[in-house]
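Starting from the known structure of chain A, arrange chain B on it as the hints suggest.
Each chain, letter by letter, is given below.
Protein chains: 2
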Amino acid sequence: MPQIHVGLIGLGNVGSGTLAILHDNARQIREKLGFDLTVRAICSRSLDRHPPAAAALFPDVLRTTDWREVVSHPDVQIVAELVGGTTVAADIVREAIRNGKSVVTANKELMAAQGAEIWDQAIRARICLAMEASVAGGIPIHAVLREGISGDRVEALFGILNGTCNYILTEMETRGEPLDTILAEAQRLGYAEADPSADIDGYDARSKLALLAALAYGVRVTPSDIYLEGIRRISPMDFSYAHRLGHTIRLVGSAHQTPDGLLLAVRPALLARSAILAHVGGAYNAVWVKGVHGGDTFYYGKGAGPGPTGVAVVSDLMRVAREIVNGSPERVSPFAHDRLREYAPISISRQVRPYYLRFRVVDRPGIIASLATILARAHISLEAVLQEPCPNKQDLPFVITLEPTSEAAVRQALDQMSGLDFLLEPPLALPMEPSF
Amino acid sequence: MPQIHVGLIGLGNVGSGTLAILHDNARQIREKLGFDLTVRAICSRSLDRHPPAAAALFPDVLRTTDWREVVSHPDVQIVAELVGGTTVAADIVREAIRNGKSVVTANKELMAAQGAEIWDQAIRARICLAMEASVAGGIPIHAVLREGISGDRVEALFGILNGTCNYILTEMETRGEPLDTILAEAQRLGYAEADPSADIDGYDARSKLALLAALAYGVRVTPSDIYLEGIRRISPMDFSYAHRLGHTIRLVGSAHQTPDGLLLAVRPALLARSAILAHVGGAYNAVWVKGVHGGDTFYYGKGAGPGPTGVAVVSDLMRVAREIVNGSPERVSPFAHDRLREYAPISISRQVRPYYLRFRVVDRPGIIASLATILARAHISLEAVLQEPCPNKQDLPFVITLEPTSEAAVRQALDQMSGLDFLLEPPLALPMEPSF
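Going line by line, the protein sequences match chains A and B. At position 414 of the first sequence the residue is numbered 414 (this note's numbering), and the sequence of numbers has no breaks. At position 189 of the second sequence the residue is numbered 189 (this note's numbering), and the sequence of numbers has no breaks.
Treat the hints as calculated values from the structure; they're not laboratory data. Be careful, since some hints might not be right.
Lysine to any residue pairs mimicking SDA-like chemistry, simulated, CA-CA at most 20 Å apart [what the hints assert, rightly or not]:
{"no.": "1", "chain 1": "A", "residue 1": "Lys290", "chain 2": "B", "residue 2": "Gly282"}
{"no.": "2", "chain 1": "B", "residue 1": "Lys290", "chain 2": "A", "residue 2": "His279"}
{"no.": "3", "chain 1": "A", "residue 1": "Lys290", "chain 2": "B", "residue 2": "His279"}
{"no.": "4", "chain 1": "B", "residue 1": "Lys393", "chain 2": "B", "residue 2": "Phe422"}
{"no.": "5", "chain 1": "B", "residue 1": "Lys393", "chain 2": "B", "residue 2": "Pro365"}
Just so you have them, the derived chain B footprint on chain A, three or more residues with Cβ under 8 Å [unchecked claim]:
{"no.": "6", "stretch": "32–41"}
{"no.": "7", "stretch": "74–88"}
{"no.": "8", "stretch": "236–244"}
{"no.": "9", "stretch": "301–309"}
{"no.": "10", "stretch": "320–333"}
{"no.": "11", "stretch": "353–365"}
{"no.": "12", "stretch": "381–395"}
Note that the Cβ used here is the ideal one computed from N, Cα and C, for glycine as well.
Extracted from the complex, chain A is given alone in its bound form (with noise of 0.2 Å):
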């Protein structure tokens, strides 16, 4: 019987899981191969420090705090990334397969970055590649866009890609309670970082839709050309307006196949409250997809988190152990297609949305009379206007929706708002998209 013996590196939170998962589901990973997937070394920082527990399931392979032994070792024919950034984790990916070894890694940041390279070194020396583990965690939403539905064309995929963004606009639409309180207590839980930049202002997310749309479009995406907006200016207020429209609020990672070209962008937006996307609630992340051919379908489970995310990267140490048993180095390519294409991003400035703007104004007549005039000058038709019951006339919000809009349109009527001096702060437009 083959015996395919794997090398991990970093015993994070990913790490551990993925060592609690061989260990506990041992049997079950035999009877589905055949044959034994074998943890063969172990490299984290701290292992002569604290080691963390998860490497005590394992007290007879090589311990190190070296990953260069890891990744050299001649025993080892998968390597599984799990540290995490873009400086030492793409020394490890990239030498691990100049060593001939296959690659396994959850890193978004990095395969978003510089995956195309990556894929392009993995082809030359005849290895694996996967990555489920790098987009929602416990959803194998690689597996489905590379394999499951790969014979549709996609015509459009929305997601809820950062579970801390999601479980801060819950807490926030469920207990009325601002970005910042809610933040500082996710970080003194464990569910949000110190510097909650990376999640909160959308980066994160970002990454996440890059790799989306390579797998979706077979197209090579630069992170920093996709539209993006973090969830700072997100209040409670905007909830309870959404709610009177029907609607809440999610920060969604959207892909479009326009005529033109493809579109990508991460913003916080409307979503109807029937929709089933509005119900993904707390550190869940889910995608949907629209099929030319195969209609909607949606994807659904946490994003995070050791179990989760140790599932995935279980699961593709066993895809990939499969293809080195079968001799058939990367049979899929880790973006589905056979070459990534370049593309031109559509510029957001073309997607034509209903809008939500939200006002924050020192209350004196004539206000909706100025802004109903800087919209009618840029012809935008109002929806309606909303208003809450508020005492405070030093501090009145209130909201105005919009008929479908481009955002072009909405940007250029914002800059000419800028100049009213009885607005607290510059107004906060929301698109609402559209239902399925």
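Okay, now just chain B, sitting in the frame of chain A:
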């Protein structure tokens, strides 16, 4: 560049959809595979009389009414069996394998009844066998269970697997019409078969659950071992009561791994409306998987139709074509496990759930007392008694909900109620499934 040749047998809905997608997406398929997937032969009984429009998309291929010409064609490498049923389809699949052709099938009935034997034959012949289209059309649930989350162990699985039943129940829920009216309408529109038994008595959902359980647990399931109850007894009043209880009603196929073994059932059940599964309406299908490590994941899409099922067939053809080009037959078994184990089915009588009991009675004093006495003797605790206003004292419906009780105890109590002369029909007992 290699080229893989497909022979397609059966040009009904699924066959026509498959040809349309192969034609429409040819460029993308080539970009993904790195080679061409070419239709070489088409067989349909009606080709000589009124050839389906889809056949005209491929004018230069062999067109025949004799499936033997396709499965014996020297160029054909993959046979797509899209005939359905278990007679001719079984001959086609077995003959194709004998001739060394790989097989893609959409046939849940055949694969649920004879899948393990067909797979044995496929292994010996070193060909590939794929069956994504056999369950939940547009949802790539086979890819998910076979590879996407293969590293996890499945604790439980819930599925809405029959689109016709889900359509009927959703229409009953929203319009308040009885089953017969909606069914007749669905038959007129071509959504339901002239003989609706396979759908509404649950046989179709049972075949699909058998396949999903084989995939998820690696066991050899005999469909007739699965507890089965159809939807004929559900009426609009059941939705009124279910709504009052914060629930809806769906036909649910479920699999539970218990310490004593695997419990499989297809039956109508109450689902909390707070659960995402309760939002699956119309002809959609969905599968909820509870993983030991990865937690809850959820998959949703259209259950049938030429487009969604065609996508599943084409995705399978692409997967099998890759295996052939890479020379790796049966890299992953269609049932995910290297070998299927035998298993002892656990009787439904051991399942413990809160229950919904709905009665229709001729009203008179002492009814609740009689029923409560029988339940008390069986040591069953009542949760609530509900009654909607009803002017007809000769046919009065009401509902009793029970605290968690074993199915055996409920059945015993129902037996003892069978002699009560005020009952117009045997009580309807539905479990209330836990929400996620």
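Evaluation of the provided hints:
For the hint linking Lys290(A) to Gly282(B), the alpha-carbon distance of about 17 Å falls within 20 Å, and the restraint holds. For a cut-off of 20 Å, the pair hint linking Lys290(B) to His279(A) stands: about 18 Å separates their Cα positions. Of the supplied pair hints, the one linking Lys290(A) and His279(B) holds, its CA atoms being roughly 18 Å apart against a limit of 20 Å. For a cut-off of 20 Å, the pair hint linking Lys393(B) to Phe422(B) stands: about 11 Å separates their Cα positions.
Under the criterion of a C-alpha separation no larger than 20 Å, the hint pairing Lys393(B) with Pro365(B) is consistent with the structure, at around 11 Å. Coverage of the stretch 32–41 of chain A by chain B holds in this model, with 3 residues showing a Cβ closer than 8 Å to a Cβ of that chain against a need of three. Beta-carbon proximity to chain B at under 8 Å applies to 0 residues in the stretch 74–88 of chain A; the threshold of 3 is not reached and the given coverage is violated. A count of 0 residues in the stretch 236–244 of chain A with a Cβ less than 8 Å from any Cβ of chain B is obtained; the coverage claim is therefore unmet, three being the minimum.
Taking a C-beta to C-beta cut-off of 8 Å, the stretch 301–309 of chain A contributes 5 residues in contact with chain B, enough for the three needed, and the coverage statement holds. For the stretch 320–333 of chain A, the proposed coverage by chain B is satisfied: 7 residues have a C-beta within less than 8 Å of a C-beta in that chain, meeting the threshold of three. Here's how the stretch 353–365 of chain A fares: 0 of its residues keep a CB closer than 8 Å to some CB of chain B, so the rule of at least three is not met and the hint is violated. Given as covered by chain B, the stretch 381–395 of chain A fails the check, having 0 residues with a CB less than 8 Å from a CB of that chain where 3 are the minimum.
In the structure shown, a violation is registered for the earlier hints numbered 7, 8, 11, 12, in ascending order.
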